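Use the sequences and the hints to build the structure in full.
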Amino acid sequence: MANSGDAAKAVAWRDPNARAYVEIDRVTKSFGDFKAVDDVSLKIYKGEIFCLLGASGCGKTTLLRMLGGFETPTSGRILIDGEDMTGVPPYERPVNMMFQSYALFPHMNVEQNVAFGLKQDGVPRGEIAERVATMLGLVKLGGFEKRKPHQLSGGQRQRVALARSLVKRPKVLLLDEPLGALDKKLREHTQFELIGLQDKLGVTFLVVTHDQEEAMTLATRIGVMDHGEIVQAGTPSEIYEFPSSKFVADFVGSVNIFEGKLLEDEPEHVRIGSEELGATIYVSHGISAAPEAVVWAAIRPEKIFMSIAPPPSTGVAGDNVVRGAVQDIAYLGDLSIYLVKLPTGKVVRVTQPNTSRHAETITWEQQVYLSWDASSPVVVTR
Amino acid sequence: MRPPPPLSKVGISGRGLVVALPYLWLLLFFVVPFVIVLKISFSDVDLAIPPYKPLLEWVGQNSLAIKLNLNNYAFLFTDALYVHAFLNSVKVAFISTVLCLLIGYPIAYGIARATPTTRNLLLLLVVLPFWTSLLLRVYAWIGLLKANGVINNVLLALGVIHEPLNMLYTPFAMYVGIVYSYLPFLILPLYANLEKMDWQLLEAAEDLGCRPWQAFYKITLPLSRNGILAGSMLVFIPAVGEFVIPALLGGPNALMIGRVLWDEFFSNRAWPVASAVAILLLILLVPFMMWYQSVQARESASAR
Amino acid sequence: MNYRRTFFITTCLAFGFAFLYIPILSMVVFSFNASKLVTVWDSANSPTLKWYYSLLHNEEILDAAWISLKVAVINASGAVILGTLAGFGLARFEQFRGRFTLNAMTTAPLVMPEVITGLSMLLLFVAMEQWIGWPAGRGITTMTIGHMTFSMAYVTVVVQSRMATFDIALEEAAMDLGARPVKVFFLITLPIIFPAILSGWLLAFTLSWDDLVISSFTSGPGASTLPMVVFSKVRLGVSPEINVLATLTIAVVTVVIVGVSLWLTRAGKLAEAAAAEAARAAAAE
Numbered sequence: 001m002a003n004s005g006d007a008a009k010a011v012a013w014r015d016p017n018a019r020a021y022v023e024i025d026r027v028t029k030s031f032g033d034f035k036a037v038d039d040v041s042l043k044i045y046k047g048e049i050f051c052l053l054g055a056s057g058c059g060k061t062t063l064l065r066m067l068g069g070f071e072t073p074t075s076g077r078i079l080i081d082g083e084d085m086t087g088v089p090p091y092e093r094p095v096n097m098m099f100q101s102y103a104l105f106p107h108m109n110v111e112q113n114v115a116f117g118l119k120q121d122g123v124p125r126g127e128i129a130e131r132v133a134t135m136l137g138l139v140k141l142g143g144f145e146k147r148k149p150h151q152l153s154g155g156q157r158q159r160v161a162l163a164r165s166l167v168k169r170p171k172v173l174l175l176d177e178p179l180g181a182l183d184k185k186l187r188e189h190t191q192f193e194l195i196g197l198q199d200k201l202g203v204t205f206l207v208v209t210h211d212q213e214e215a216m217t218l219a220t221r222i223g224v225m226d227h228g229e230i231v232q233a234g235t236p237s238e239i240y241e242f243p244s245s246k247f248v249a250d251f252v253g254s255v256n257i258f259e260g261k262l263l264e265d266e267p268e269h270v271r272i273g274s275e276e277l278g279a280t281i282y283v284s285h286g287i288s289a290a291p292e293a294v295v296w297a298a299i300r301p302e303k304i305f306m307s308i309a310p311p312p313s314t315g316v317a318g319d320n321v322v323r324g325a326v327q328d329i330a331y332l333g334d335l336s337i338y339l340v341k342l343p344t345g346k347v348v349r350v351t352q353p354n355t356s357r358h359a360e361t362i363t364w365e366q367q368v369y370l371s372w373d374a375s376s377p378v379v380v381t382r
Numbered sequence: 001m002r003p004p005p006p007l008s009k010v011g012i013s014g015r016g017l018v019v020a021l022p023y024l025w026l027l028l029f030f031v032v033p034f035v036i037v038l039k040i041s042f043s044d045v046d047l048a049i050p051p052y053k054p055l056l057e058w059v060g061q062n063s064l065a066i067k068l069n070l071n072n073y074a075f076l077f078t079d080a081l082y083v084h085a086f087l088n089s090v091k092v093a094f095i096s097t098v099l100c101l102l103i104g105y106p107i108a109y110g111i112a113r114a115t116p117t118t119r120n121l122l123l124l125l126v127v128l129p130f131w132t133s134l135l136l137r138v139y140a141w142i143g144l145l146k147a148n149g150v151i152n153n154v155l156l157a158l159g160v161i162h163e164p165l166n167m168l169y170t171p172f173a174m175y176v177g178i179v180y181s182y183l184p185f186l187i188l189p190l191y192a193n194l195e196k197m198d199w200q201l202l203e204a205a206e207d208l209g210c211r212p213w214q215a216f217y218k219i220t221l222p223l224s225r226n227g228i229l230a231g232s233m234l235v236f237i238p239a240v241g242e243f244v245i246p247a248l249l250g251g252p253n254a255l256m257i258g259r260v261l262w263d264e265f266f267s268n269r270a271w272p273v274a275s276a277v278a279i280l281l282l283i284l285l286v287p288f289m290m291w292y293q294s295v296q297a298r299e300s301a302s303a304r
Numbered sequence: 001m002n003y004r005r006t007f008f009i010t011t012c013l014a015f016g017f018a019f020l021y022i023p024i025l026s027m028v029v030f031s032f033n034a035s036k037l038v039t040v041w042d043s044a045n046s047p048t049l050k051w052y053y054s055l056l057h058n059e060e061i062l063d064a065a066w067i068s069l070k071v072a073v074i075n076a077s078g079a080v081i082l083g084t085l086a087g088f089g090l091a092r093f094e095q096f097r098g099r100f101t102l103n104a105m106t107t108a109p110l111v112m113p114e115v116i117t118g119l120s121m122l123l124l125f126v127a128m129e130q131w132i133g134w135p136a137g138r139g140i141t142t143m144t145i146g147h148m149t150f151s152m153a154y155v156t157v158v159v160q161s162r163m164a165t166f167d168i169a170l171e172e173a174a175m176d177l178g179a180r181p182v183k184v185f186f187l188i189t190l191p192i193i194f195p196a197i198l199s200g201w202l203l204a205f206t207l208s209w210d211d212l213v214i215s216s217f218t219s220g221p222g223a224s225t226l227p228m229v230v231f232s233k234v235r236l237g238v239s240p241e242i243n244v245l246a247t248l249t250i251a252v253v254t255v256v257i258v259g260v261s262l263w264l265t266r267a268g269k270l271a272e273a274a275a276a277e278a279a280r281a282a283a284a285e
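Protein chains in written order, with this note's numbering: chain F, 1 to 382; chain C, 1 to 304; chain U, 1 to 285.
Careful: at least some of the hints might be erroneous.
[Claimed, not checked] Derived lysine-lysine pairs resembling DSSO-like cross-links, with alpha carbons at most 30 Å apart: (1) U:K269 / F:K146; (2) U:K183 / F:K148; (3) C:K196 / U:K269; (4) U:K183 / F:K146; (5) U:K183 / F:K119; (6) F:K140 / U:K269.
[Claimed, not checked] Just a sample of chain U residues kept apart from chain C, beta carbon distances all over 10 Å, derived: (7) P47; (8) L82; (9) G133; (10) E172; (11) A267.
Calculated from the structure, these hints are not laboratory results. Remember, predicted model here, so these are calculated numbers, not experimental data. For glycine and all other residues, C-beta sits at the position ideal for the given N, C-alpha and C.
Written out as structure tokens, the structure is:
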């Protein structure tokens with residue numbers, strides 16, 4: 001989800017001369033024989049909101065904790081703003097963390113919680129009071145100074161945790177599953193608030209989450225992690241539209257994956273024959289793969305067009321069309337999900353927005369045509 | 001820019017300092033004494049202060065002799081009194097533990113199943129006697145059990161008996177005293193264990209056709225095993241070496257090893273023999289103490 | 001719930017608590033009995049407070065009580081320091097050299113018969129006196145050391161179990177905000193676990209105040225504690241002054257315990273009300 005300053009940032013990681021603000025250089029963390037983080041290298045640029053996305057156990061939290069100084073890498077370096085911070089303890093890093101449980105000190109009130117970090121730095125009292133007041137105003141908690149954490153709601157506690165970390169003006173703010181504890185409505189609201197806050201203060205955010213919706217909304221770039229490795233890093237649209245592997249394609253959003261073999265492999269198009277699909281897929285761009293290799297075509301559910309009547313010709317006869325029977329329908333209000341069973345047995349997931357209140361009613365057991373544009377499939381080789 | 005110190009280095013020296021003080025204290029005042037007891041158990045009685053002969057002796061100019069006197073141990077193993085005292089102590093402790101379980105388990109269970117407000121009140125009632133002196137509570141039983149004590153007076157007044165029952169200074173009185181004093185030590189760990197139980201398991205069992213008593217036997221009891229063991233150890237181990245209760249309530253027939261140790265030490269001034277008794281008692285109890293430790297470790301591991 | 005079972009449980013509870021409390025109540029009742037035989041009610045002259053006057057003027061008992069108090073306070077304070085360090089260390093540091101030993105040393109005193117602990121410590125003091133001249137004779141010092149050694153084991157257990165439910169994220173957050181580990185302990189950990197430390201202090205105090213066996217072994221002439229005096233009296237049979245002492249002890253303990261739990265319930269209720277109010281306010285937002 002891009003916003004104002006993004007145009008400039010958007011080019012930072014494509015510019016070979018841009019200096020990384022946070023550099024993770026071949027970092028590995030092993031616990032005995034188990035590699036939680038396996039030779040990860042990553043460059044994060046100033047002012048980004050970078051999201052580490054992955055399932056539980058993929059190593060994203062361990063990586064975050066190494067950035068915060070709570071774990072030491074087994075090998076590799078971590079540089080922040082050019083300085084080697086590997087092995088520096090948390091209380092000496094210009095990095096602050098917002099914990100998943102917020103970790104507000106229960107015996108201190110809001111004001112004391114927020115002021116804690118400044119006190120440790122020896123900031124003069126007058127300045128502390130001023131900065132705390134400003135920050136509380138920014139997170140819209142003015143007037144709550146004397147309250148104790150147990151007297152606050154979940155959302156309020158989160159804002160205190162945020163204020164407490166940001167008041168120190170850290171170079172990087174680490175966020176551990178920031179929206180996990182909030183209910184759906186509050187989550188959406190907070191997502192936009194976080195982005196606004198980040199934009200205003202210009203702090204570099206590193207967010208760890210397992211929720212891909214959260215990652216897609218917040219991030220300027222996402223790093224998808226699996227088994228301790230970063231399998232793909234890129235903007236949300238890059239990740240979604242151009243996944244580099246089956247794993248990424250399946251992890252972010254839903255997808256239909258058809259296994260097949262290359263029938264034609266030209267620079268501007270490929271044709272894949274898929275037994276699963278029972279048809280051929282014509283893709284209007286080239287890929288790099290060995291001849292006769294097994295490949296997978298990934299097609300997003302919203303890019304499949306479903307109709308009762310045969311679709312108009314897609315340009316190349318016979319490609320990108322199949323027939324099937326509707327097996328299941330889930331009505332979600334704004335859109336509907338259809339599970340269509342093909343003659344080969346494969347079930348294809350199709351989503352269609354409910355644009356009309358009296359739509360052409362497609363019901364269970366209905367025979368339908370599924371078709372898609374030649375530019376829609378993404379071909380992955382692993 | 002200064003080179004950052006490796007976290008581990010800072011961490012370990014700090015940690016060492018934290019635990020050093022209690023570690024050294026316990027090493028000096030808890031462990032070393034046992035070594036000394038062991039040493040003295042091998043020495044002779046001496047009419048001196050302190051009343052034992054040293055272990056190391058200069059023999060001639062340059063030789064040091066260690067005299068290990070095993071007579072004390074031989075004495076203990078052969079004299080019927082001591083053998084009987086050891087065996088009796090174990091027997092009494094064991095029976096008391098079983099009695100505590102029979103009385104204490106329903107109480108702990110009842111408290112664990114009560115509503116939160118009632119539960120807190122009941123816990124308070126269990127804990128209150130624990131905070132009042134053991135000595136005084138044992139004393140209370142003297143008043144209750146003696147010939148012209150409360151129980152006899154009540155029973156005589158009601159006409160249930162015609163002569164006072166001889167209850168005080170009998171093994172019976174000792175059992176009552178031990179069970180009474182150690183009951184909270186069984187109830188509390190058992191309650192702590194039962195409190196963590198998922199009562200829906202019982203409902204699931206009953207839903208699947210189990211009768212209430214069967215459900216208790218097959219589900220509650222096995223799951224509370226750690227609590228039972230912990231509570232039992234907390235009763236059994238100290239009860240073996242119990243002194244106060246046998247001294248005040250038990251008669252001359254209630255021979256408990258704790259009392260024997262006390263008498264050897266204070267009445268007979270036989271320090272080496274007393275030390276040997278202590279060592280044997282320790283050897284007897286160490287396996288149980290290790291069992292207790294392993295039960296505790298299991299409990300905290302499953303809680304994590 | 002099964003009614004037959006509830007009935008059974010309730011009956012067990014009733015008998016159980018009756019068993020626990022009837023001896024205590026009988027002691028209290030007979031403290032007002034004029035007869036020296038204690039358990040034979042002298043209806044002509046009872047109830048009376050004469051034994052109360054007698055006890056409160058009994059020099060021997062008052063001196064002993066004073067000594068017990070001194071020892072108990074010093075013991076509790078020392079045990080709390082040692083026990084908190086040990087409990088914190090065992091809970092926080094997963095690995096350190098000597099962990100197994102420390103763990104064993106802090107659990108053994110909990111179950112070991114006191115005659116063993118008492119005897120061994122006395123022999124230590126005697127040996128130390130022979131080798132280095134300190135402690136010179138047994139008395140309050142040796143007794144206090146003895147008490148502290150076994151009290152700290154109890155405090156360790158209390159602190160360790162409190163630390164088990166302590167959210168380590170709080171300590172990490174404090175370090176993240178710039179506080180060094182020592183500061184984290186004093187500014188964050190200690191204030192939060194304070195109630196546990198306080199109950200550890202009370203526990204250590206009570207254990208010392210009531211202790212007989214270890215005191216008898218490690219004490220010396222002129223340093224008789226209250227339990228030692230009570231024991232010597234009680235060996236000979238019942239004594240009305242002891243009933244009075246028991247009643248006073250029970251009264252104090254009851255007041256303190258009931259007071260503390262009322263205070264805790266009140267604090268708990270206030271916290272609950274505040275949290276509910278916050279939730280309502282948030283819902284209205």
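Which hints from the list above does the structure break, by number from lowest to highest?
8
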